[in-house]
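Knowing the structure of chain A, use the given hints to seat chain B on it.
2 protein chains.
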Amino acid sequence: MMDDIAVDIGGTQLRAGLYPAEGIEPRVLRTIPTQGGEPAIERLYSLIASIWPDDSGVRRIALGAPGALNPVTGITYQIPNIPNWNGLHLKELVENRFNVEVRLGNDANLAALGEWKYGAGVGHHNLIYLTVSTGLGGGIIVDDRLLVGANGLAAEVGHITVLPDGPMCGCGFRGHLEAISSGTGIANYVKRELAAGRSSLLTQDEEPVSARTIARAAGLGDELSIEAFNIGGTFLGRAIADLAHLFNPTIVILGGSVTKAGDLLMDPVKKALKETVISPMYLEDFTLTTAALGDRVGLVGALALARS
Amino acid sequence: MMDDIAVDIGGTQLRAGLYPAEGIEPRVLRTIPTQGGEPAIERLYSLIASIWPDDSGVRRIALGAPGALNPVTGITYQIPNIPNWNGLHLKELVENRFNVEVRLGNDANLAALGEWKYGAGVGHHNLIYLTVSTGLGGGIIVDDRLLVGANGLAAEVGHITVLPDGPMCGCGFRGHLEAISSGTGIANYVKRELAAGRSSLLTQDEEPVSARTIARAAGLGDELSIEAFNIGGTFLGRAIADLAHLFNPTIVILGGSVTKAGDLLMDPVKKALKETVISPMYLEDFTLTTAALGDRVGLVGALALARS
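Residue numbers (our numbering), protein chains in the order written: chain A, 1 to 308; chain B, 1 to 308.
Careful: at least some of the hints might be erroneous.
[Unchecked claim] From the structure, some residues in chain B lie toward chain A, with a derived Cβ separation under 7 Å:
| # | residue |
| --- | --- |
| 1 | 50 |
| 2 | 126 |
| 3 | 149 |
| 4 | 150 |
| 5 | 156 |
| 6 | 161 |
| 7 | 248 |
| 8 | 278 |
[To be verified] Listing some non-contacts, in silico: residues in chain B with all C-beta distances to chain A over 12 Å:
| # | residue |
| --- | --- |
| 9 | 39 |
| 10 | 46 |
| 11 | 176 |
| 12 | 193 |
| 13 | 196 |
| 14 | 270 |
| 15 | 292 |
Read the hints as simulated data drawn from the structure, not as lab findings. Ideal Cβ positions, reconstructed from N, Cα and C, are used throughout, including at glycine.
In isolation and in its complexed conformation, chain A is listed as follows (with noise of 0.2 Å):
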């Protein structure tokens, strides 16, 4: 039998796992810094290397990275943390190295690739993944297949404009979905409010303004932190109902740090989602939910990946 081997590469960590031809348990898992003494590249090969089988083949490597990819060509472009990838013929290099085929994904469409397979997902067909944590990325299944649209560059849902002239997101636009939802959209919603004189239970927090932090303070009840979940919340409640009306989905699935806040987000996504639907067609046979992988999901989604 043959074995696959799926690769999350992230900006602190690289990690690798051998995983036999059923099941999403490696038979071997191995995790080293992204930087270190040799490039990204050099380490990439040394981790791939060391968890190679002595008793079987291997059938195929399958890449999950954050940034903009190209899961065609099989080019890295903008991967954060990892500066000299920009233009890097990726693929091909790994193909050339170890001799086997390698494919090559964003890591939040490999999520939802992940769930839709192994996860939360199991059984639909059309799908939406929203992974909510420093930032706000996203993975769509449409008729069992990955949307990666011409040229790799869909499904980036966090940086459709839902509040126009409004917050300014990493992206260097305003408005986007990530800068008002993500962890850092609503982070920085709590600062600027604390900024113009707010009072809070978060100005004797020892801890700096995450949504962490925040998420704690709500369960304190403190009432700047409600209503910045609350905003947070609703945006993103209604963006799913955008999505549901261009892509008529049987499930939503929310993943990411963000969404370990519970209800103090899901309930305004809930609320907002409901009032926001133009028909209650889209919500007959629709499922909204958390994701099942937890942090699994980088591996299992570049497995899915390697198997697809």
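Same frame as chain A, now just chain B:
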């Protein structure tokens, strides 16, 4: 050789064509009013029967209709100006009547299919078609397949929220793209400004305020009219950027009566699109153009469905 029958079901007229296996020129073409002595379904039966060929068989009938319908089940919901088709098993009824396979599709979706197979989008694999007229609808091709979603409700591009708390849409919600960038939206902007006391050449016009009369006044230098198209076009261009972020198409085709305004609409669309995309990569190998099929798009779209 077998022929196909394509039918364009409109609120005011029913139009049907008999098509040979090749080309988009009908052998027979007939148009009748939608309303009359008999119910619309009986008029549809008569129309189809009246163009049925004596010299060949019919392979398939494809029906295009505006409004809400489910192409999978073949059931119609809200069809403008045909009140008693809510919940009608249209596909099944026509199949039982004529004993041939029947297919059903939303008119804007089919227009996308028609432009893709026989119009401005030939050769593209990822395409967005937007029709800007009284309303604003669309159709989306993803990897050579029409996006219909789980229940045929996808691609409702007119009802994405582009300006929270913005003007009222025909559907009863505020701030939708249709409420700002459709012909109705552009006319409503002018009407609101006139009611607020703005001066304009339009107050001297003997015809009612519409996208057509506004375009004419804009051509004469009327400031309010130019402004109205600027706003409609700008929001349309921003929405196209959002759709590019989601679908990464290689072509966006604009059809519908409002596109007859030409550069008055297209200039602000192009400007806003260019200013709003998060990366110039979205506009590489990308075309923004107007539809090629004109008034034939309804029938040719249904024909494309019959042949797909």
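### Non-interface claim for residue 270 of chain B versus chain A (Cβ beyond 12 Å)
holds (17 Å)
### Message
Just to be careful: measuring from the Cβ of residue 161 of chain B to every Cβ in chain A, is the smallest value less than 7 Å?
### Response
With a closest approach of 6 Å, the residue 161 of chain B hint holds.
### Task
For the hint on residue 278 of chain B, just tell me whether its beta-carbon gets within less than 7 Å of chain A.
Since chain A brings a Cβ to about 5 Å from residue 278 of chain B, closer than 7 Å, the hint holds.
### Satisfaction of the residue 50 of chain B interface hint, Cβ to chain A closer than 7 Å
violated (34 Å)
### Assertion that residue 196 of chain B lies farther than 12 Å from chain A (Cβ)
holds (21 Å)
### chain A versus residue 292 of chain B - minimum CB to CB distance exceeding 12 Å, so not interface
The claim holds: residue 292 of chain B sits with its nearest Cβ about 20 Å from chain A, beyond 12 Å.
### Message
Is the claim that residue 46 of chain B lies outside the interface with chain A correct, judged by CB distances over 12 Å?
### Response
For residue 46 of chain B, whose nearest Cβ neighbour in chain A is about 31 Å away, the distance exceeds 12 Å, so it holds.
### Query
Taking the least C-beta to C-beta distance, is residue 156 of chain B closer than 7 Å to chain A?
holds (4 Å)
#### Entry: residue 193 of chain B non-interfacial with respect to chain A [C-beta, more than 12 Å]
holds (19 Å)
### Task
Return the status of the interface hint for residue 149 of chain B: holds when the least beta-carbon distance to chain A is below 7 Å, violated otherwise.
holds (2 Å)
### Message
Less than 7 Å between beta-carbons is the criterion; does residue 248 of chain B satisfy it with respect to chain A?
### Response
holds (2 Å)
### Message
At 12 Å, judged by beta carbons, does residue 176 of chain B keep clear of chain A as stated?
### Response
Given that some Cβ of chain A is not farther than 12 Å from that of residue 176 of chain B, nearest at about 8 Å, it is violated.
When the structure is compared with the earlier hints, violations turn up for hints 1, 11 and for no others.
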